[in-house]
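Asks: Chains as they are written, first to last, in UniProt numbering: chain P, 1 to 457; chain X, 1 to 457.
Calculated directly from the structure, the hints in this document are not laboratory data.
Each residue gets a CB set at the ideal place from its N, CA and C atoms; glycine is no exception.
Watch out, some of these pointers could steer you wrong.
What the hints assert, rightly or not - Distance windows between CB atoms, simulated:
hint: 1; chain 1: X; residue 1: 19; chain 2: P; residue 2: 77; range: 45 to 53 Å
hint: 2; chain 1: P; residue 1: 33; chain 2: X; residue 2: 351; range: 23 to 31 Å
hint: 3; chain 1: X; residue 1: 284; chain 2: P; residue 2: 114; range: 54 to 62 Å
hint: 4; chain 1: P; residue 1: 424; chain 2: X; residue 2: 124; range: 35 to 43 Å
hint: 5; chain 1: X; residue 1: 393; chain 2: P; residue 2: 25; range: 55 to 63 Å
hint: 6; chain 1: X; residue 1: 262; chain 2: P; residue 2: 315; range: 48 to 56 Å
2 protein chains.
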Amino acid sequence: MAEEKENIQFQLTHALIEQVENLVEQQNNKELQKLLKEFHYADIAEILDELNLEDAMYVIKLLDSETTSDILMELDEDNREKVLKNLSAKEIAEEVEELDTDDAADIIAELPIERQQEVISNIEDIEHRAEIKELLAYDEDTAGGLMAKELVKVYDTWTVAGCLRRIRGQAEEVTRVHSVYVVDKQEKLVGRLSLKDLIVAKNDQKIADIYISNVDFVNVHDDAEEVVKIMQKYDLEAIPVVDDNHTLLGRITIDDIVDVMKEEAEEDYLLAAGITSDVEHDDSIWELTKARLPWLLIGMFGGIGAASIINGFSDAMLKYPALLMFIPLIQATAGNVGVQSSAIVVQGLANNSIDGKIFSRLLKEFALGLVNGIAIAAIVLLISHFIFQTSYLESITICVALITVIIMAALIGTFIPIFLDKKGVDAAVATGPFITTSNDIFGIFIYFLIAKLILGF
Amino acid sequence: MAEEKENIQFQLTHALIEQVENLVEQQNNKELQKLLKEFHYADIAEILDELNLEDAMYVIKLLDSETTSDILMELDEDNREKVLKNLSAKEIAEEVEELDTDDAADIIAELPIERQQEVISNIEDIEHRAEIKELLAYDEDTAGGLMAKELVKVYDTWTVAGCLRRIRGQAEEVTRVHSVYVVDKQEKLVGRLSLKDLIVAKNDQKIADIYISNVDFVNVHDDAEEVVKIMQKYDLEAIPVVDDNHTLLGRITIDDIVDVMKEEAEEDYLLAAGITSDVEHDDSIWELTKARLPWLLIGMFGGIGAASIINGFSDAMLKYPALLMFIPLIQATAGNVGVQSSAIVVQGLANNSIDGKIFSRLLKEFALGLVNGIAIAAIVLLISHFIFQTSYLESITICVALITVIIMAALIGTFIPIFLDKKGVDAAVATGPFITTSNDIFGIFIYFLIAKLILGF
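Isolated chain P, as found in the complex (with noise of 0.2 Å):
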C-alpha cells in the first residue's frame, strides 16, 4: 500500500533547497533518500525545478523509479524536457511503466518522434506497451488523449460476489476507483456500478439486477473542452470513453479534468490580455517575445491608423487645439469600455449562457453605454469647462464625443465576439488588444468627425 505524505505544511524554502544542494554535493545519499522520503512527490518536483540539472538528475537517479516516474510528471514541462534528454530510451521507459497509461503516453508524446519508438520498444510490459501505443494516436485535444486505460469492468452475467473477487483482482492496478464499468459480452458498456453500490448490495445478487444502466460516456473523438464542459455540468468524478460502435476503451478522472480546466483559464487570460501560446514569466525571452510582439505590432498599427487620422483633420488640429488634449481621454476610454463589453460577452459564450439573441443584446449595452457616458461626460464636462477652460462648443463636442464613443466602443466590444463565435473563431482573441485597437481607431474617428459637426471645421 502506498503511503502519501502530510504535506499541507511544506514550505519550499531558501534553507530546503540549500540543504539539498549540499547533501547532493556532498553525495550524501542516506542523508539526502531519508529527508527526501518525508516529501511528497509534487513537493519534491518543486525543489528539483529551483535546482540545476546536473543536482536534479543526481536526485532523480538516487530515488526509485515509483517515485521519480511520480516527480516527472510533476516537473515543469521545460525542466522535464530537459531531465528526459539525460535520460537513456530504456531509463525513460522504466519510468514510464510506473505510471498509468494516460500519464505515459503524455511524457512519450512530449518526446522527439525518433526517441518515442526507443522509448516504446524498451517498455517490458507487453500490455502496457500496447496501450501506451494505442493513445498516442489520439489528438491530445480529444477524449482519447485525456483517457487512460485502467479502470475496473464488469460484465453483466457476474453476481456481486464474482465480482467483488475480480474487483480485488483490477483494483491493485488502478489507482483509484470512481466505479465499476458493466460491459456486455461484446465489451458494449450498458451501464454502471459505484463500489458503493457494489458493498451495500447482498453477495448473490446479479449484477443485472442491480446496476445503473443510464451512464453518461463520451466518444473517443469528442472535443476535450467538450468532455469538461460535460463532467461539470453534470458534476462526474469520472466518465467512461466508448468509440463509435459503444465499446468501452478508456476513462477520463475529474484530476485530468481540473489540470485541463486551469490550462484553459491560464490560456485565456493570457490570451486577453495580447499573450498568444501557454507561455510563462520564466521563459526565454526569445519565447516571451513571439508570444508577445504579434500583439504589440497590431497595436503599432492602430496607432499609425490614429496618426493618419489625426493628419488628416491636421487643420482642425491648428483651429481647435484644446481638442487635441482629450485625445488620450477619448482612446483610454474606447479601450475600457470596449474591453469589458468583450470580455463579459466571451465569459458568457465560454459558459454557454449566450443564446442567439445578438439584438436584444446589443440593445442593453446601447443603454449600459449611454448610461455609463452621460455619467463620465457630465464629470469631464466640468473639469474641462472649469479647469482647462476649453470653450462651451468644445466642451460639448468633447461630451458628445464621449458619449457617442462609449456606445460604440460597447457595441463593437459586444458584436465582435458573438460574431467571430458564430464564424467558428475563438472568440476569446477577441478581447484585449485586438479590441483595443479597433476601438482606438474608431474612436479617434469618431471624435474628429463629431468635433467637425459641431465646431464646423
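We have chain P already, so just place chain X on it with the hints.
Replies: Coordinates of chain X only, in the frame set by chain P:
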C-alpha cells in the same frame, strides 16, 4: 438506487422550451412529468432558466422534492432567488432536507436573515438541522464554508468486516464515498482508507493495521483558495476538515473545488478587463454599471491627467505638431505592454511560481522591452519618415520615446503586481484599466520629456 440519465446528447432548443411552455399552459401534468423524467436535473434547470417565473414555479411544484432540490442548486443564482421567494419556509425546508449539508447551507445562506431562521426551524431532521446550523457559522470563503458533514468514518479499533457492515449503514446517506476516514476514540482524525483498500483487505484484519496514517487534511478556518491549491497540487478527490484539536468535522470534495476554481478564473478574467464583482451578461444594467463604471472613472482620470500633461507642453505642440499625431501610438503601446507584463506576473503569482527575485524579473522585462521596443521603433521609424514625412529629429524622438516607454511600461507592469502582492493586496486588480491608466500618463509624460531633451523646446 437513484437512476442517473444519459444526457450527453441533451440540446436546449427553442422547440423544447416551447413544448414545456405549452404543457404548462395546458396543465398537462402527466405529459410534463413524462417529458421531464427523461432529463438530468442539470438539464431541467437549464430549461427552467429559460421559462418565466410562473411557469418555472409550476414545474417545480409538480416535481418531487428529491428532484427539485437538485434542480434548485443548478439554477442561475438570480432565478433561484426568485423561486425561493415564491416558496414558503416550510417548502424550502423540505427541499433542504433532500440536500447534502453543504448544498443545504449554501441555499439557506442566500436567504434574507429572518427567513433563514424560519427555514431552519422547519427542518424536521434534528441532526441535519444542527449540522446545517454549524456550517452556516463558517465564512463561505473558508474550508468550513466548503465542507459537508456527510462522510464515512470508522474507528481504528474496528475490524474490516465490522467496518464494511457499518459502512453499509453510513454510506446510504453519503452520495459519493471517496475515502473512509479513520478516527480514534476522541474523534480525532488518525488516518484514511480507500474503499478499494477495504475491498482488497481480508475480513478479519484490524483497521489499525491497514489504515494509511499520513492523511492530508485542512483546518476548518483555512482559506478556500488554499484548499483549492492543496487539492490540486496533491491530486486529491476529497480532503477531511479538522478543527484546531484535530477533531474530524467534515470533508470537502473535488466537485466543490471545481466550482470554486471556475468562479475564481471567471472573476480574475473579468477583473483583468476592469469589471469588479461577479456579474454576468444577463444581469441588470444597474448591476453592470456598478461593476464597470468605477474602472471607467479610473481611466477617465488617467485621460484628464494626460490632458494636463499635453496642456503643460502646449508651446512645444505648436512648434512640432507632428509629435501630436503619435500620441495614440505611444499610449496604445504603453498600455498593451503594461497589460502583458502584469498579466504574466499575476499568473505567476497565482501559481506560486514567482519567488522573491524581483530584481532578476525586472532585468528580464528590461531586456524583453528592449527587444520589442527596437523591433517596433524600427518599423515606426520607416513609416513616420516615409509616409508622414516627419523630420529626422522628430523621427528619432518618436523612436527613442517608443523604446523608453515600452521598457518603462514593462517595468511598471511587472513591479506593481509584485509590490501589491508583497503588501498583501490581490495582485489581480493590477492588470487591465489600472495598469493601462498609469501607463497612459507615464507614457505621454516620458514622450514629451524625451521630445524636450532631443528637440530642446
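Asks: Where does the structure disagree with the numbered hints, that is, which hint numbers, in rising order?
Replies: 4
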